[in-house]
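Protein chains: 2
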Amino acid sequence: MQQAIDLSIQNVANGGGPFGAVIVRDGKVVATGVNRVTANNDPTAHAEVSAIRAACQKEGSFKLEGCTIYTSCEPCPMCLSAIYWAGLSRICFANTKQDAENIKFGDKFIYEEIERPISKRTIPTEAFMREEALQAFRDWEAKSDKVEY
Amino acid sequence: MQQAIDLSIQNVANGGGPFGAVIVRDGKVVATGVNRVTANNDPTAHAEVSAIRAACQKEGSFKLEGCTIYTSCEPCPMCLSAIYWAGLSRICFANTKQDAENIKFGDKFIYEEIERPISKRTIPTEAFMREEALQAFRDWEAKSDKVEY
Chain A
101 MQQAIDLSIQ NVANGGGPFG AVIVRDGKVV ATGVNRVTAN NDPTAHAEVS
151 AIRAACQKEG SFKLEGCTIY TSCEPCPMCL SAIYWAGLSR ICFANTKQDA
201 ENIKFGDKFI YEEIERPISK RTIPTEAFMR EEALQAFRDW EAKSDKVEY
Chain B
101 MQQAIDLSIQ NVANGGGPFG AVIVRDGKVV ATGVNRVTAN NDPTAHAEVS
151 AIRAACQKEG SFKLEGCTIY TSCEPCPMCL SAIYWAGLSR ICFANTKQDA
201 ENIKFGDKFI YEEIERPISK RTIPTEAFMR EEALQAFRDW EAKSDKVEY
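Read top to bottom, the protein sequences are chains A and B.
In terms of my numbering, the first sequence opens at residue 101 and continues consecutively.
In terms of my numbering, the second sequence opens at residue 101 and continues consecutively.
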């Protein structure tokens with residue numbers, strides 16, 4: 101955790117957001133990540149997502165079972181979901197989402213939006229052309245050599 | 101939407117998951133994305149996240165206000181959160197999350213986990229070293245030339 105915190109502190113000096121993350125397997129660091137949203141023009145480049153992407157490249161896998169993620173701040177819903185998709189086995193965090201809210205990095209609005217029915221969300225959302233789109237799902241089901249996850 | 105669907109169908113043939121997305125501004129395509137999770141060993145490479153990253157690179161911005169995302173399937177919580185972080189103005193989808201669940205691409209477990217208190221989640225989660233971590237947030241607040249978002 102100290103390394104994740106050190107990264108978060110260094111990243112502020114390096115023009116990034118105050119967030120760092122470290123992914124560890126069996127006591128060894130697999131990969132690290134810092135927030136490069138504004139530096140890289142990538143709204144998905146949160147510390148946790150960056151660390152997950154780097155760790156998966158390092159391990160040559162899209163799964164990180166058995167790994168722990170140490171993140172300097174409680175994950176936002178995007179990062180938390182990425183952690184679930186990656187199948188990480190343990191999450192440790194230091195700053196809380198309220199601490200992040202206090203410095204205007206709040207993600208409360210996203211947690212609230214996710215829980216709302218689609219019709220009540222602030223981003224207008226419409227559904228159509230389901231019948232046409234189902235073709236891809238039918239093709240997927242019919243494919244014999246697919247890689248499932 | 102037809103283009104997003106076409107991408108999702110082509111992507112199955114190309115060894116990816118059955119998902120495609122297109123980001124449009126003022127009737128013009130800014131960028132597209134497909135699911136390359138298994139192909140690229142990147143659990144965050146969903147169609148929507150891939151399209152957002154590409155569109156931000158194209159526009160040289162970490163925000164996509166004024167853009168619409170057309171996605172062949174209802175966004176998972178990771179992608180939905182990324183859409184909020186990117187500030188997209190409209191979401192259109194075709195297949196539903198239940199359709200995805202039916203072909204074993206379900207994200208219901210993630211929606212459920214997000215709503216649970218930390219102590220009840222399936223991935224064990226601990227919080228510690230908050231005091232040390234707050235240093236990065238104090239540095240951020242003290243920084244005069246920071247780029248906020």
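Honestly, the hints are just simulated from the structure, not real lab data.
A hint or two may mislead.
Identical copies look the same in the list; a pair holds intra-copy or inter-copy alike.
[As the list claims (entries may be wrong)] Here are the computed lysine to any residue pairs in the SDA-like style, where the Cα-Cα straight-line distance is at most 20 Å: (1) LYS197 with ILE210; (2) LYS204 with GLU241; (3) LYS158 with ALA242; (4) LYS128 with ARG221; (5) LYS158 with GLN103; (6) LYS128 with GLU226; (7) LYS197 with ILE218; (8) LYS158 with GLU213.
The hints, checked one at a time:
In the homo-oligomer, the alpha carbons of LYS197 and ILE210 lie at most 20 Å apart both inside one protomer (12 Å) and across protomers (18 Å), since each shortest distance falls under that limit. Proximity of LYS204 and GLU241 under a CA criterion of 20 Å is satisfied inter-copy only: 10 Å between copies versus 44 Å inside one chain copy. For the homomeric pair LYS158 and ALA242, neither the shortest alpha-carbon distance inside one copy (32 Å) nor that between copies (35 Å) is at most 20 Å. Proximity of LYS128 and ARG221 under a CA criterion of 20 Å is satisfied in neither setting, with 42 Å inside one chain copy and 25 Å between copies.
Taking the closest pair of Cα atoms, LYS158 and GLN103 come within 20 Å of each other only inside a single copy of the chain (19 Å); across copies the shortest separation is 33 Å, beyond that limit. Taking CA atoms no more than 20 Å apart as the test, LYS128 paired with GLU226 passes between copies only; the shortest distance there is 19 Å, against 46 Å inside one copy. Taking identical chains as interchangeable, the C-alpha atoms of LYS197 and ILE218 lie at most 20 Å apart only when they sit on different chains, with a minimum of 12 Å there against 24 Å within one chain. In the homo-oligomer, the alpha carbons of LYS158 and GLU213 never lie at most 20 Å apart, since the shortest distance is 34 Å inside one protomer and 27 Å across protomers.
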